[in-house]
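Trainee: As a plain string of letters, each chain reads:
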Amino acid sequence: DAKTTQPTSMDCAEGRAANLPCNHSTISGNEYVYWYRQIHSQGPQYIIHGLKNNETNEMASLIITEDRKSSTLILPHATLRDTAVYYCIVSPGGTSYGKLTFGQGTILTVHP
Amino acid sequence: GAVVSQHPSWVICKSGTSVKIECRSLDFQATTMFWYRQFPKQSLMLMATSNEGSKATYEQGVEKDKFLINHASLTLSTLTVTSAHPEDSSFYICSAILDSHGYTFGSGTRLTVV
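Chains as they are written, first to last, in this note's numbering: chain A, 55 to 166; chain B, 42 to 155.
It should be emphasised that the hints constitute simulated quantities derived from the structure, not laboratory data.
Keep in mind that a hint or two might mislead.
[Said to hold, decoys possible] DMTMM-like cross-link-like pairs, simulated, lysine to aspartate or glutamate; straight-line CA separation at most 20 Å: (1) B:61 x B:129; (2) A:153 x B:104; (3) A:153 x B:100; (4) B:82 x A:136; (5) A:106 x A:85; (6) B:82 x A:65.
[Unchecked claim] FRET-style restraints, in silico, Cβ to Cβ: (7) A:134 x B:128: 32 to 40 Å; (8) B:100 x A:69: 39 to 47 Å; (9) A:133 x B:50: 23 to 31 Å; (10) A:117 x B:151: 33 to 41 Å; (11) B:86 x A:61: 15 to 23 Å; (12) B:96 x A:134: 41 to 49 Å; (13) B:94 x A:67: 49 to 57 Å; (14) A:113 x B:53: 33 to 41 Å; (15) A:69 x B:106: 48 to 56 Å; (16) B:82 x A:82: 25 to 33 Å; (17) A:67 x B:53: 38 to 46 Å.
Since we're looking at a predicted model, the values are computed, not measured.
We treat Cβ as the ideally placed atom computed from N, Cα and C, and that holds for glycine.
Model the full assembly from the supplied sequences, consistent with the hints where possible.
Mentor: This is the structure in structure tokens:
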């Protein structure tokens, strides 16, 4: 699986947009970009995933560059409850699910 | 939505005893489940992949005789930590493949071996 690079930590003010970057320059054509987050002492929570196109759901937006070598997760209006470790992972999807390999992720701290 | 139910959420056991952790898929069938371990302030490390009706595939460095995985049905996978020692104290998390968004995770089990 392709590796990802994320900043170790980021801060965001409550109510503002949180933009979390991820580099995945060795991503393969069949690999999706997945985003999960983990709040302390809980299992990871799915946020969003995409292959080529930008995606949006009730939690977040995912912007994938045209060359697919990087992506940005956007939390449009961050709240204190969004404080968590955010993991960007690339892995085959569709009918070729493989194991997920977690990196160190980004610790996002949302402050009042 | 589909959920993976993991039990117990925490357990304390004496050194040398065995502990079983259960992971059940609710409302969907999980042909494949994954087991992870997470030490404090570290990321999740994949331990093994279990497939219903067959032997689990363990990651390098994970002792298969110590961490017994059983996936006897499409809705249940279990991880048994045998002869647990304090160094096995960790946060154990299961995961299943869910077509709608890839993977869904259990809530985790905090194991403390004293």
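Trainee: All the hints need checking, so say for each whether the structure fits it.
Mentor: Here is how each hint holds up against the structure:
The suggested pairing of residue 61 of chain B with residue 129 of chain B holds, with an alpha-carbon distance near 13 Å, which does not exceed 20 Å. For the given pair, residue 153 of chain A sits about 19 Å from residue 104 of chain B by alpha-carbon distance, which is consistent with the 20 Å threshold. Of the pairs offered as hints, the one joining residue 153 of chain A and residue 100 of chain B holds, with about 11 Å between alpha carbons and a cut-off of 20 Å not exceeded. A threshold of 20 Å between alpha carbons decides the hint, and for residue 82 of chain B with residue 136 of chain A the separation of about 18 Å falls inside it, so the pair holds.
For the proposed pair residue 106 of chain A and residue 85 of chain A, the alpha carbon gap of about 10 Å is at most 20 Å, so the pair holds. A hinted pair counts as satisfied when its Cα atoms are at most 20 Å apart, and residue 82 of chain B with residue 65 of chain A qualifies at roughly 18 Å. Between residue 134 of chain A and residue 128 of chain B the beta carbons are some 35 Å apart, a value that agrees with the proposed interval 32 to 40 Å. Between residue 100 of chain B and residue 69 of chain A, the C-beta spacing of about 42 Å keeps the proposed range 39 to 47 Å intact.
Between residue 133 of chain A and residue 50 of chain B the C-beta distance comes to about 25 Å, which sits within the given range of 23 to 31 Å. At about 36 Å, the beta-carbon gap between residue 117 of chain A and residue 151 of chain B stays in the expected band of 33 to 41 Å. For the pair residue 86 of chain B and residue 61 of chain A, the supplied restraint of 15 to 23 Å holds, since their beta-carbon distance comes to about 21 Å. Range check, residue 96 of chain B to residue 134 of chain A: about 45 Å between beta-carbon atoms, so the 41 to 49 Å window is met.
Our hint of 49 to 57 Å for residue 94 of chain B and residue 67 of chain A holds, since their Cβ atoms are close to 51 Å apart. Distance hint for residue 113 of chain A and residue 53 of chain B: a CB-CB separation of about 35 Å, consistent with the stated range 33 to 41 Å. A hinted range of 48 to 56 Å holds for the C-beta pair residue 69 of chain A and residue 106 of chain B, which are about 52 Å apart. With their beta carbons about 31 Å apart, residue 82 of chain B and residue 82 of chain A fall inside the hinted range of 25 to 33 Å.
The hinted window of 38 to 46 Å between residue 67 of chain A and residue 53 of chain B holds, with their beta carbons roughly 40 Å apart.
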